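Participant: If you want the building blocks of each chain, they are given just below.
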Amino acid sequence: MSVTSAPAPATLSDVKPFGMRFRLKGLPWIPLFILTLVLIGAIGGEDLAPQDPNGLNLAAAFKPPFWQAGGSLEHILGTDNLGRDVLSKIIVGARVSVIVSFYAIIFSGAIGTFLGIIAGYFGGWVDTVIVRVAEIKMSIPALALALILSATLDPGLTTVVIVIVFTYWTWYARIIRSEILSLKERDYVAFAKVAGCGPLTIFGRHLLPNIFNTLLALATLQVGQVIIFEASLSFLGLGIQPPDVSWGLMLADARQYITYAWWGITMPGIAIMLTCLSSNLVGDWLRDLLDPQRRQL
Amino acid sequence: MKSNIIKGLANALVSIVGASLIIFVISRLSGDPVALMLPIEAPKSAIDELRKSLGLDLPIWQQYLIFLSHAVRGDFGNSYRWQMPALQLVFERLPATIELAIAAFTFSVLLAVPLGVLSAVYRGSWIDHLGRIIAMLGQAVPSFWVGLVLILVFAVGLGWLPAFGADSFKHVILPAISLGWYPVAAQTRIIRSGMLEVLDSDYIRMGRAVGTPERLLIWKYAFRNALLPLVTIMGVYFAAMLSGAFVVETVFAWPGLGRTVVEAVFSRDYPVVQAGVLVTSIVFILSNFLVDLSYSLIDPRIRR
Amino acid sequence: MRGATPLFVAALALLLSGGPSQAQSSNDTLTVAFGAEGTTMDPARYSAGVDQYFISQMFEQLVRFDKDLKPVNWLAESWSIQGTADKPIIDVHLRPGVKFHNGDPMTAADFEFCFQRLKDAKVSRWTHLQVNVEQFEIVDDLHFRLHFSAPDADYIVGNLQLWAIPKKYFEQVGDEGFSKAPVGTGPWKFVSRSIKEDIKFEAFDDYWNKDARPKVKHLVAKIIPEDLTRVAAFKAGNVDWIDAVPLSAIEEIKKMPGVKTFTAISGNNLYVDFPSYQPNSPFNKEKVRQAVAQAVDMDAIIKSVLFGQGERYEQIGKGSTGYDPALKPYPFDPKAAKKLLAEAGYPNGFETPCYNLTTPREPNIKEYGEAVFAYLGAVGIRCKVQGLEYAAWINLGRRGRNGPPDMDGVLMWMWGQGLPGDPATPWGGHLHSFVAGKGWGSYSYTDDKKADEMVEKLKGVMDPEQRVGLIKEIAQYAHDNVLGGVTTYRPVITFAWREKVEFKPWPSANWRNFKEVGLKN
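Protein chains in written order, with the numbering used here: chain A, 65 to 361; chain B, 81 to 384; chain C, 52 to 572.
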């Protein structure tokens, strides 16, 4: 059983997560709605899509969106150069964005948090090594490293996740580490040590709950970055490979027809923008909620 | 002071060597360049010969040591594709990327400063909200999409600006905007909060009471306070910009280092990949070092 | 930069001063744009077709194909095959009076020098083509003989392989000096080069051929790999000639006033291959292969996916050696394909990996592959599509590498042998079965004894006329048994230039050759 010394929490992050004040008023409704749509699209996938996203129909190539001359309600957002329905591809492409974000955040968060905790807690050479490695990795332009890594590992969905984890763990590690450094000095941690709690207990009972809020806000903010990163990789040709559908890949394919078919470029881009904007806004709201002093972020 | 410089340089050196190791190992694992360099009918003996002559049959740690020993003398080997020294190729392309980065940086500052100042001065108003939205948009879209849309609107649609290449000043505008949009959000936020910190203080209220012109208060005192954190964050975003340059250069056919490295990765041109990525890393490490240095110079409280 | 205003201003000033100046288009300079760039200007170091873009302007060979795709003697005044059937000799008489750009006369020693370099594995990527030449005999300055240890038709097919490389000059300036300032016998002299940007030539006044020569003094070739940029540069008048007009812009360019275009096959031959040599593979059965040949509507693909910029062919395309207009592709008949599959034991079709190249080596090649796979799926050959970028694709297709498992499904592939394109060497690569260490079948998924025999026999027939009959036989056999894959289409390429340019297309370097070009006022 832990012994807290302070009578009242000094900062909000000393409060257990589920005691956070829930402000219904400031809830970002629209962004949450958009994110829900994305989630539904990801889960529904091909079943939800009006057409087969990979269904070639050479006769229906380059149909514009329905509000333009030549468009029809059959292809609300138009078709691409092989007659595939743009709306369907966007819906199915949501799956890639969700999967990539989910796994990338879980894994990079886990690895980064773990390394951040042991670096901050143990200090000494463990800290030095981890910080060093992180610094070195961060000095290499992220996309360059991602490109080379993708080429090595055979491009594809799994590789994209691995590459993102490789790139983003340092983000978590750095922030968590400094959180731990400040938490480490708290009295209740010292008391716990004196009481004989092993490091694992200290991590689990005292440190983790207090950084949870930070983690949550960080993770939400990272969704946008991860989606953009995947889009960049796919755009360059070393990310998601056909026949998988990704918004970034749609942009790459549509690029050469930019004079011909403006919707090929615009639609997937808007999807990316709305998703990222929404997750950023939700992340901002979470951060305001959990860490109003914005110490670390 | 001096010990700081030495310590900083030593750290930078360790980072550079570490980066070179990571880049080397990962790129060597990325597939066989020899198969790409020979015509498809070439017999296995020709492939093995070429591999041997390039030193690619040695164990990887040995290759790394050879690479390192040559690299410190400035020899990164010859590009497999272009048959010219890799480092020379990199240095020929580097100025274009730096030019783009400077232009992008200029744009971001030109956009962020008014946005940030206005947001702070008119805090809470619609100007503040608009500023925040514009800034947020920059972080919500991939830079290459900004580029594509700009091309669609300004080059294809309106025909005002050229879409690709680097022949004149007009050519740098669209790429600079695409690349420079991303940091605007953070910069605006920093300027805004930095200024708000001061604008709320008694000091400023006193100044107002005494009759100091508002403009002076805003720029000489409030904005100054935001400068330091702004400079710090630029270091972080400089790396993002170098990274983003890879994609933006590809979209706009900008003849810079980023595009060269992307091409080199695709053709498994190890020497160019290594030279290019390492040079970019060195630029980043050194600029970080300089930022740290100038930081300690600007703020005497930091000097240890 | 870090708040240092003066530096900032200086940088801005630099920026505003603008980049490199535009190309001047005066009356004696022709400015053209290529979509790709060669990596070397040394003929002995050439490794890919794109290298010829520069090399072919400055260097020449003993024989070549003319504007009408007919073989003509070039630097060789005459040549003949002598000796015996088992140990032939190519006897060459050189044209007198040919000079290099630096004034040196061309002699047999220069060809011998080239031969030595082509044999040197440290220089040449094609050493395996010289293995059958056991001796280069210089008879006198304008006469030499190549002694073969075994008949080798591939030598003939490649324009007799050799280039005129100035031995004396090379020995003076060395390897590096030569690659920085090459000297040849061709109509254009090297002036300067900026890698990835442009290359400048000047017409060679003492060029030996008085009939077919450039009538303009300077040639500037800019490198603009981005399709839309190249077209934009052409429209804006920055360049007067471009290659590879992107498919979606062809209609528009053709309609432009004052613009001429030329459309021809690009030199690439695309086909679909599958592992018929594997006993357990469905493609081992002839009926399955025939089903593949009838499942795909190539005409529709050419029309829609390729904007009509493709030519169908069966085994050998029009203009290539041994072309037979009577040999037609299998008809598009998905019903028949399904029936064949059922007869072969796959009434419900089967699943197979399908490998597609995603890097655009030819326009829209990725979409073409996807379309082919879709058609295969419609008859029951269900594709597990895998997209591969160029390096991975090359590595997958190459036989005999020590690496991941062999290619086990449908593979989109291609062969190119310049123009007009002789199928002999490619057949050695993909029709002949794979034989480790011997160079046969380096990308072959076929194993047929009779085909092997025929291809090997073809290699020994050096007489150009005799070869044609044999080639037709092989093509017919391959077609009947669907061996060496199913041929799909040959990409067609369009060039565009302004009316003031008088351009006569020669096939060297896949049409990027400015042998005969002039500027009208």
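It is worth saying that the hints were derived from the structure and are not from the lab. Remember, predicted model here, so these are calculated numbers, not experimental data. Beta carbons: idealized from backbone N, C-alpha and C, even for Gly. You may find that some hints are simply not true.
Chain C side only, calculated, beta carbon under 7 angstroms to chain B, not exhaustive [to be verified]:
#: 1; residue: 176
#: 2; residue: 442
#: 3; residue: 480
#: 4; residue: 493
#: 5; residue: 494
In silico lysine to aspartate or glutamate, EDC-like type, Cα no more than 20 angstroms apart, as pairs [as the list claims (entries may be wrong)]:
#: 6; chain 1: C; residue 1: 489; chain 2: B; residue 2: 129
#: 7; chain 1: C; residue 1: 435; chain 2: A; residue 2: 110
#: 8; chain 1: C; residue 1: 231; chain 2: B; residue 2: 172
#: 9; chain 1: C; residue 1: 369; chain 2: C; residue 2: 119
#: 10; chain 1: C; residue 1: 247; chain 2: B; residue 2: 172
#: 11; chain 1: C; residue 1: 150; chain 2: C; residue 2: 192
#: 12; chain 1: B; residue 1: 250; chain 2: C; residue 2: 457
#: 13; chain 1: C; residue 1: 390; chain 2: C; residue 2: 457
#: 14; chain 1: B; residue 1: 124; chain 2: C; residue 2: 457
#: 15; chain 1: A; residue 1: 201; chain 2: B; residue 2: 372
Participant: With a cut-off of 20 angstroms on the C-alpha distance, tell me whether residue 124 of chain B and residue 457 of chain C pass.
Facilitator: 16 angstroms, holds
Participant: Hey, residue 489 of chain C versus residue 129 of chain B, does the alpha-carbon distance stay inside 20 angstroms?
Facilitator: The hint holds at about 15 angstroms.
Participant: Need the status of pair residue 390 of chain C, residue 457 of chain C: alpha-carbon distance at most 20 angstroms?
Facilitator: 29 angstroms, violated
Participant: CA of residue 201 of chain A to CA of residue 372 of chain B, is that 20 angstroms or under?
Facilitator: Distance ~18 angstroms between residue 201 of chain A and residue 372 of chain B Cα, so the pair holds.
Participant: Between the alpha carbons of residue 247 of chain C and residue 172 of chain B, is the straight-line distance 20 angstroms or under?
Facilitator: 10 angstroms, holds
Participant: Verify the proposed pairing of residue 150 of chain C with residue 192 of chain C, using a straight-line Cα cut of 20 angstroms.
Facilitator: Distance ~13 angstroms between residue 150 of chain C and residue 192 of chain C Cα, so the pair holds.
Participant: Double-check residue 494 of chain C for me: the hint is only fine if its C-beta lies closer than 7 angstroms to a C-beta in chain B.
Facilitator: Status holds, d = 5 angstroms.
Participant: Answer holds if the nearest beta-carbon of chain B is closer than 7 angstroms to that of residue 480 of chain C; otherwise answer violated.
Facilitator: Result: holds, 5 angstroms to nearest chain B Cβ.
Participant: Does the structure keep residue 250 of chain B and residue 457 of chain C at a Cα separation of 20 angstroms or less?
Facilitator: 51 angstroms, violated
Participant: Is residue 369 of chain C close enough to residue 119 of chain C, meaning Cα to Cα at most 20 angstroms?
Facilitator: 12 angstroms, holds
Participant: Is the interface hint for residue 176 of chain C satisfied, with its Cβ closer than 7 angstroms to some Cβ of chain B?
Facilitator: 5 angstroms, holds
Participant: For residue 435 of chain C and residue 110 of chain A, compute the direct alpha-carbon distance and say whether it is at most 20 angstroms.
Facilitator: Holds, at roughly 17 angstroms.
Going down the numbered hints, you'll see the structure goes against 12 and 13, while the others check out.
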